[in-house]
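Based on the sequences and whatever the hints tell you, model everything.
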Amino acid sequence: MAFTYLEFERPIAELSEKIEELSRMGSNNTIDIAEEVEKLSKKRDRLIEQIYRNATRHQISQLSRHPDRPYFMDYIPLLFDDFQELHGDRAFADDGAIVGGPARFGEHTVMIVGQQKGRDTKEKLKRNFGMARPEGYRKALRLFHMAERFGMPVMTFIDTAGAWPGIDAEEHGQSEAIARNLMELAVLKVPVMCTVIGEGGSGGALALGVGDRLFMQEFTTYSVISPEGCAAILWRDRAYAEQAAEALKSTVKDLQELQLIDTVIPEPKQGAHRDLETAATMMKAVLHPALEELLEMPLPTLLEQRQQRLRNIGVFQQHS
Amino acid sequence: MNWLTRLIESPRAILSSNDTPEGIWIKCNGCNETLYNKELMRSAMVCPRCDQHLRISAAERAGFLFDEGFEQRDTELRSVDVLNFKDLKRYKDRLKEADKKAGEGDSVRNYLAHIQGTLISASIFEFAYMGGSMGSVAGEKIVLGMERALRRQCPYLLVCASGGARMQESMLSLMQMAKTSAMVNQLHEHKIPFVCLLTDPTMGGVSASVAWLGDVIIAEPGALIGFAGPRVIQETVGSKLPEGFQRAEFLLEHGLIDAVVDRREQRAYLHTLLGHLTAFSYKQHH
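Each protein sequence line maps, in turn, to chains A and B. Sequential numbering from 15 applies to the first sequence in this note's numbering. Sequential numbering from 502 applies to the second sequence in this note's numbering.
In case anyone wonders, no lab produced these hints; they're calculated from the structure. Even for Gly, the Cβ is constructed at its ideal location relative to N, Cα and C. One thing to keep in mind: the hints can contain errors.
[To be verified] Straight line, CA to CA, 35 Å or less: simulated DSBU-like cross-link-like pairs of lysine-lysine:
(1) K263(A) with K587(B)
(2) K601(B) with K587(B)
(3) K601(B) with K263(A)
(4) K590(B) with K267(A)
(5) K602(B) with K587(B)
(6) K597(B) with K528(B)
(7) K784(B) with K203(A)
(8) K56(A) with K263(A)
(9) K263(A) with K597(B)
(10) K593(B) with K263(A)
(11) K203(A) with K267(A)
(12) K32(A) with K53(A)
(13) K203(A) with K692(B)
(14) K32(A) with K56(A)
(15) K138(A) with K741(B)
(16) K263(A) with K602(B)
(17) K593(B) with K267(A)
(18) K590(B) with K528(B)
(19) K267(A) with K597(B)
(20) K136(A) with K298(A)
[Stated by the list, open to error] Listed next, the stretches of chain A that the computed footprint assigns to chain B, with coverage defined by at least 3 CB atoms under 8 Å from CB atoms of chain B:
(21) 185-191
(22) 229-241
(23) 255-265
(24) 269-283
[Claimed, not checked] Some chain B residues well away from chain A (every beta-carbon gap over 12 Å; in silico):
(25) I525
(26) F571
(27) E598
(28) T779
Below, the structure is given as structure tokens:
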């Protein structure tokens, strides 16, 4: 598979190419080349470490929407068994930007719902680039209610630039659809766990993001607006995206400081986009025990804690 | 040319802009007529020529909607610049400017008031305060307004006028959508009527949360209401937007709101509506 490299990933790509070239020559086996390959590999490891651990907020924002980044449906077979996709909002359409249905997670049946972006042009169009219409959020809500009826914990997976800003979406009540999910998720009578696996884009992400636990993978972001959108409004120029990303503080580290997320899901050292299987294993290692914990919780406690969690969000001063 | 026409046609300097209705003359942004402020106040800042509903402050709104003697509440909350946010200006400075321009109390003002004798708890967005953007203070005030309605066992009225979430509070502001929406469940549980009045403009994060969760949602004529801004949609889809797109009447036609109500009729409309919602004729139910 051909990788795509972002600008700041270039040095890694160049070094990798060099190593590959040398390895090919190495089949004529001189010890010198083997040593050189090992030296370069170590150098590459240090470089990877350096580049990803020191990534700026803007770079992390680019990583969160990296073209090679695994999407929801890439994780499904690695995390779940017996997934059955259920379609449609029972009213108007089936929105390909949101995928959901029951599945087994270890020994438990859960309802999984997430955004799907699409890899090639054809799938991107089918998935509308992961930007859901009201029908998508209404399908999600239908599945949440089904989960409640049959005692299935809900696991959502967030990866969207935002809700679809289109004429049809407005005509069908995009605001209403998002608002209703926020309200209904707050009192859904089963455990709800939300995980950001890429781009957490504003209200469109939040519509799958209200629950008992919020997890984020290491190189993801969750933001009120994209750095580009913010720059266009506050700097009146999209070119200020880097400054906007710094100001918005939407990385995992920032949100942890604000106590808005529960646990960070670590990623392989060069990111989930270079090693899907390890990324899935690391995700399962966090999500499975978290689910076990929530399953032990009596419903009144679960709902009370969720309500308190929501009630207490915000920082302000009281003047006398 | 008499003195009056001379005055009207004189440079803009003597005309006040729409957001400072203290001036003597106001130019209607609907029909461009220059109107006498006192006359406008008598018609609840609705242009008597073209029925354009001019934007008004929360205080003016309260004056038009409520019986005399209403009281403002929760005035002690102040925004904090948690993120040390700076774009072209510092958030701290924007807050100071907004305090000066629109009065302290941030973008939502809470009231305990009566509408033709019916007690209500109300929150009114102040659009002049940073575009009515919702940050931590706005979210908290809305929740406090709802909690007051629960305590007093009276209806809750939310009047919206907002560009959306307050970017300067980043994720804390996005999460206010979840906080305010979650609270609506308690109004439902205790059968507290919740009415939303959407005014120009109601967009983004406010629209996609608490603004659309009222038992009854009414809007002012001509108000721009929607999730994404028209410019963003235009850029995304690349086609021309339909006539009247995202206006109150458009939403009514698409089944998204209950009614469009002229500002001059709202008091009477709300009084009757709240009467219906609090009647509980079938007592077994209560």
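Does K267(A) pair with K597(B) here, judged by a C-alpha cut-off of 35 Å?
-> Cα-Cα ~29 Å, so holds.
Would you mind confirming whether the straight-line C-alpha gap from K56(A) to K263(A) stays at or under 35 Å?
-> 32 Å, holds
Hey, K601(B) versus K263(A), does the alpha-carbon distance stay inside 35 Å?
-> With Cα atoms ~28 Å apart, K601(B) and K263(A) stay inside 35 Å; holds.
Compare the distance between the alpha carbons of K136(A) and K298(A) with 35 Å, and conclude whether the hinted pair is satisfied.
-> 30 Å, holds
Are the Cα positions of K590(B) and K528(B) separated by 35 Å at most?
-> 30 Å, holds
Please work out if K593(B) and K267(A) have their alpha carbons no farther apart than 35 Å.
-> 23 Å, holds
Over 12 Å to the closest beta carbon of chain A is the bar; see if F571(B) clears it.
-> 22 Å, holds
Is the straight-line distance between the alpha-carbon of K263(A) and that of K602(B) 35 Å or less?
-> 28 Å, holds
CA of K138(A) to CA of K741(B), is that 35 Å or under?
-> 24 Å, holds
Would T779(B) pass as off the interface with chain A, using Cβ distances and a cut of 12 Å?
-> 22 Å, holds
Taking only the CA atoms, is the gap from K597(B) to K528(B) under or equal to 35 Å?
-> 28 Å, holds
Counting residues of the stretch 269-283 of chain A with a beta carbon closer than 8 Å to any beta carbon of chain B, are there 3 or more?
-> holds (count 3)
In summary, the structure agrees with every hint in the numbered list given earlier.
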